[in-house]
Amino acid sequence: IKPLSDSLVNVSAADVDLIVTYLSGGGAGNAAVKLRSLIKPMYVSFDDYEDFTFSNGEVKEGLTKSSGQSGYYGFENGYEDEENDQPKKKTPNIKSISLTLDKTGSLRTKITNIPKITSPHNIIAELEFKDPNGEIQTVAKKIPLYSSKLHVGITPDSWAASGELFKFKVIVLDLNGKPVSDT
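Going by this note's numbering, 13 is the number at position 23 of the sequence shown; the sequence numbering is gapless.
Hints are not guaranteed to be accurate.
In silico DSS-like cross-links for lysine-lysine, where the CA-CA straight-line distance does not exceed 27 Å [claimed, not checked]:
| hint | residue 1 | residue 2 |
| --- | --- | --- |
| 1 | 106 | 132 |
| 2 | 24 | 132 |
| 3 | 24 | 85 |
| 4 | 120 | 100 |
| 5 | 30 | 50 |
| 6 | 24 | 100 |
| 7 | -8 | 157 |
| 8 | 131 | 85 |
| 9 | 80 | 132 |
| 10 | 131 | 50 |
| 11 | 106 | -8 |
| 12 | 30 | 157 |
| 13 | 168 | 157 |
| 14 | 139 | 106 |
| 15 | 80 | 131 |
| 16 | 168 | 131 |
| 17 | 139 | -8 |
| 18 | 24 | 80 |
| 19 | 85 | 132 |
| 20 | 132 | 30 |
Note that these hints are calculated values from the structure, not bench results.
Please model the complete structure; the sequences and the hints are all you need to start from.
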């Protein structure tokens, strides 16, 4: 599974090349395959800016109280523990399409109906195919999906904020983690 673009920004569809080859050589010509896809949130971080939180969704003006979920991904301290290990009520929206590869064992296709996002996500793409023995095999790839060409990062300047005064450091990086000037 190979996306045609490394930087998918605000797209409604993603072009991908699918290739199935045998270990003994040659492509799996005219093979029937299934391509599944799922969109899931992605946490963005950069080694040089580990104190910053990047591209964490929409910014709303004013003070808000926590909805009971804190930390990354809704876990209290950023990690899953027993108290927060509750089954999800929403079932994932997995899209599946049956395809047939060409005589060389490859095919260019689209992952369609990608929803509009306000924070970084991954397209989890999985390709199912049968090996020469008839056993079902799968390969998967995470394809980054962004809502912007820029990542805005924020970190508190001091934990000793008092009353109504809050100080923050803000930085803007490109998709490769390089600082952007004049923003």
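Okay, the hints, checked on the actual structure:
1. For the hint pairing residue 106 with residue 132, the CA-to-CA distance comes to about 18 Å; that is within 27 Å, so the pair holds.
2. Our distance criterion of 27 Å between C-alpha atoms is met by residue 24 and residue 132, whose separation comes to about 16 Å.
3. The straight-line distance between the Cα atoms of residue 24 and residue 85 is roughly 10 Å, inside the 27 Å bound, and the hint therefore holds.
4. Note on residue 120 and residue 100: the hinted pairing holds, with a Cα-Cα distance of about 21 Å set against a maximum of 27 Å.
5. Restraint check: the Cα-Cα separation between residue 30 and residue 50 comes to about 22 Å, which is no more than 27 Å; the hinted pair holds.
6. A C-alpha spacing of about 13 Å is found between residue 24 and residue 100, which places the hinted pair at or below 27 Å, so the restraint holds.
7. Of the supplied pair hints, the one linking residue -8 and residue 157 is violated, its CA atoms being roughly 43 Å apart against a limit of 27 Å.
8. Pair hint residue 131 plus residue 85 holds up; C-alpha atoms about 15 Å apart against a cutoff of 27 Å.
9. Taken as a hint, the residue 80 and residue 132 pair is honoured in the structure, with Cα atoms around 21 Å apart against an allowance of 27 Å.
10. This hinted pair does not check out: residue 131 and residue 50 have alpha carbons roughly 33 Å apart, beyond 27 Å.
11. Annotation: proposed proximity of residue 106 to residue -8 holds, straight-line Cα distance about 22 Å (limit 27 Å).
12. For the hint pairing residue 30 with residue 157, the CA-to-CA distance comes to about 32 Å; that exceeds 27 Å, so the pair is violated.
13. As the CA atoms of residue 168 and residue 157 are separated by approximately 23 Å, the hinted pair is consistent with the 27 Å bound.
14. Taken as a hint, the residue 139 and residue 106 pair is honoured in the structure, with Cα atoms around 15 Å apart against an allowance of 27 Å.
15. Taking the CA atoms of residue 80 and residue 131, the gap is about 23 Å. The hint holds against a cut of 27 Å.
16. With a CA separation close to 25 Å, the supplied pair residue 168 and residue 131 stays within the 27 Å bound.
17. With a CA separation close to 21 Å, the supplied pair residue 139 and residue -8 stays within the 27 Å bound.
18. Only pairs whose Cα atoms come within 27 Å are accepted, and residue 24 paired with residue 80 is accepted, the gap being roughly 24 Å.
19. With a C-alpha separation of about 15 Å, the suggested pairing of residue 85 with residue 132 holds against the 27 Å cut-off.
20. In summary, the hint linking residue 132 to residue 30 is supported, as the alpha carbons are separated by about 10 Å, within the 27 Å threshold.
Going through the hint list in order, the structure does not satisfy hints 7, 10, 12.
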